[in-house]
Amino acid sequence: MKLKRVYPYFLVSPIFLFLVIFLVYPTLYQVYLSFYDIYLLRPDKATYVGLTNYFKVLSDPNVIHSIYLTLLFTFLTVILELVLGLAIALLLDRSWKGIGILETIVLLPFFAMPIVSGLVWKFLWDADWGIINYLLSLIFGIKIGTLNWLGDPNLAFIAIVVTEVWNHTPFAVLVFLASLKAIPIQPIESAKIDGANPIQIFRHITLPFLTPAILIVLTFRTIFNLRVFDVIYSLTAGGPGNATYLMSINIYFSAFRYYQAGYGGALAVILLIITLIFGLIYFKILYGKLEV
Amino acid sequence: MEKLIRLYKTSRKKKMTGVLKTLLLVMGLTIVLIWSLLPILWTLRISLMSKVDAFSMPPKLFFYPTFENYIKLFSKAYFGGRFIHYFINSLIVSIGSMSICALLGAIGGYTFSRYKFKGDKFLSFSIIASRMMPPVVLVIPLFLLIKNWGLYDNLIALIFQYTAFNLPFSTWMMKGFVDEIPVDLEESAMVDGCSKLGAFFRITSYLIAPGFIATSIYTFILSWNEFLFAFIMTSTKAKTLAAAAPELIGEVGVEWGAIASMGICALLPAVILTLFASRYLIKGMLLGAVKR
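Residue numbers (my numbering), protein chains in the order written: chain A, 1 to 292; chain B, 293 to 584.
Fair warning: there could be bad hints in the mix.
List of simulated lysine-lysine pairs, BS3-like, C-alpha gap at most 25 Å [as the list claims (entries may be wrong)]:
| no. | chain 1 | residue 1 | chain 2 | residue 2 |
| --- | --- | --- | --- | --- |
| 1 | B | LYS313 | B | LYS343 |
| 2 | A | LYS143 | B | LYS352 |
| 3 | A | LYS97 | B | LYS313 |
| 4 | B | LYS313 | A | LYS4 |
| 5 | B | LYS410 | A | LYS4 |
| 6 | A | LYS97 | A | LYS181 |
| 7 | B | LYS439 | A | LYS45 |
| 8 | B | LYS413 | A | LYS284 |
| 9 | A | LYS284 | B | LYS408 |
| 10 | B | LYS529 | B | LYS364 |
| 11 | B | LYS313 | A | LYS181 |
| 12 | B | LYS413 | A | LYS4 |
| 13 | A | LYS143 | B | LYS343 |
| 14 | B | LYS313 | A | LYS192 |
| 15 | B | LYS488 | B | LYS410 |
| 16 | B | LYS408 | A | LYS4 |
No lab work stands behind these hints, which were simulated from the structure alone. Because the structure is a prediction, the values reported are computed rather than measured.
Here chain A stands alone, though its shape is the one from the complex:
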């Protein structure tokens, strides 16, 4: 009897072993580090400085700029991925022959290595040799070389948003497609018989069914886009100037280029807090009342 009660804990214990050693412990260690002045290459020579790192970080206009950029980037990419994902899923949700191949193709960008995607898009965005400017010149007659996508601060921000949206919209498509396929056919059929138009059907039947999927996409994309690193690192590396200097890039450069582990640590803790705030709000909505 007693053995039976311990059994489930025994079964899930390896999972917690991994999580504690490689996620929880390092996180606590990170919080601890953020109270120290540490040079990354000489971690033995750390001095306790209290909240100094946080004061330094929060009084640095560059950091405030990073936080602002990160929030703006996350907001734009999540909205775009949600809307585009839903639109593409609605397009794909039919029983045509060969639609399966299309589904696979649409999912492909999701599987592309983000670090390589960034490098490849660097070539696509290129002012003189890129296909994007070429296509724009064909369609809108904009002269090649006028739009310096990766050289102009505002355009560079648009470039990282579009590249990230390309990379991860398939996730939203996948979730929406799966839940569209799960919608029962009867309510739609009877609404059609009662004379409802497609917009009414979408608004009153499809959309309510999609609410959980929308929440899942919002939750996951927000949490993941707050931390996006690879694509931006390889596409712009935070530049030009600090136009795309998101928090993740800032943390990386602080710690691994300037070796300010404590300073980067404080910044990392702030990113963690922002993520947790968003995450907890979403999870609260997702799970309704949480009985913990």
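Chain B: place on chain A using the hints.
Only chain B this time, still in chain A's reference frame:
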């Protein structure tokens, strides 16, 4: 007679809107297809081009394909001949972490779905919550810890780290799959003389197989594409393909042919897996993530 004409007209009108609708749908799907595929096809194109052809404006529609870039990739010209070494490292890390995640995730998912025990809600929630931890937040403490543990530039470190990152996801998804399978099935098997374990292997395991495959593919691709940790925790011995990508941005300028051919090779495992199992991926999402 008048009635007939009216009927004819409305049916014609319906046919017309039907044709128009199909036309719009096909147009929409074409745009989606171009959006998803163009960057990948462009990469493939550059990978098959000589340097001179790649930098031509307007882009050449026809060109003589050359395998020069792939030959250089496998010989010493790009990556100093270590491409295969990196590729194998990536495979080892991805398969290793995928296997641990599959095993522990399946056990954990089954436990959380089938057993009621004290604190089970809290534990399963804390697993999901740990997915919120941004890797970039952990990278500073883990860099110091991994060095302390003597696991720097070691494949084991990467395997364990990726396992910790992907376990919440695989446990969560597997729980969803097991939830979908009626408990009665197992119980009736047990009435017929099966043990609990026997019931699992004879019945449940077959039913959760699609979900198991989908989860495994995801964890494989997530590990395969991971950049930041591999980049920081390895130097040469355990370097993965993703971590090696920045090597191609040399001092002499970016080697586009190298990046393109490497990108295509990096996409191959994911493409093969997706072609092989795309229906499982969507079905998997349907069962695992959406229905709750």
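For a C-alpha distance cap of 25 Å, please report whether LYS413 (chain B) and LYS284 (chain A) respect it.
14 Å, holds
Pair hint outcome, LYS313 (chain B) versus LYS192 (chain A) [Cα-Cα no greater than 25 Å]: Status holds; Cα separation ~17 Å.
TODO: Decide if the proposed pair is consistent with the structure: LYS313 (chain B) and LYS4 (chain A), CA atoms, cutoff 25 Å inclusive.
DONE: 60 Å, violated
Self-check item: Restraint check for LYS284 (chain A) with LYS408 (chain B), where alpha carbons must lie at most 25 Å apart
Solution: Holds, because 22 Å separates the two Cα atoms, which is no more than 25 Å.
Are LYS313 (chain B) and LYS181 (chain A) close enough, with their CA atoms no more than 25 Å apart? 21 Å, holds
Q.
Check whether the Cα positions of LYS408 (chain B) and LYS4 (chain A) lie no farther apart than 25 Å.
A. 11 Å, holds
Pair hint LYS143 (chain A) and LYS343 (chain B), alpha-carbon separation not exceeding 25 Å: 24 Å, holds
Q.
Check whether the Cα positions of LYS529 (chain B) and LYS364 (chain B) lie no farther apart than 25 Å.
A. 21 Å, holds
If you draw a straight line from the CA of LYS410 (chain B) to the CA of LYS4 (chain A), is it 25 Å or shorter? 13 Å, holds
**Pair hint LYS413 (chain B) and LYS4 (chain A), alpha-carbon separation not exceeding 25 Å** = Roughly 18 Å separates the two Cα atoms, so the pair holds.
- Task: Starting from LYS97 (chain A), check that the Cα of LYS313 (chain B) is at most 25 Å away, please.
- Result: 17 Å, holds
With the threshold set at 25 Å, check whether the alpha-carbon distance from LYS143 (chain A) to LYS352 (chain B) stays at or below it.
Roughly 18 Å between the alpha carbons, so the hint for LYS143 (chain A) and LYS352 (chain B) holds.
Violated hints, listed in ascending order, are 1, 4; each of the other numbered hints is respected by the structure.
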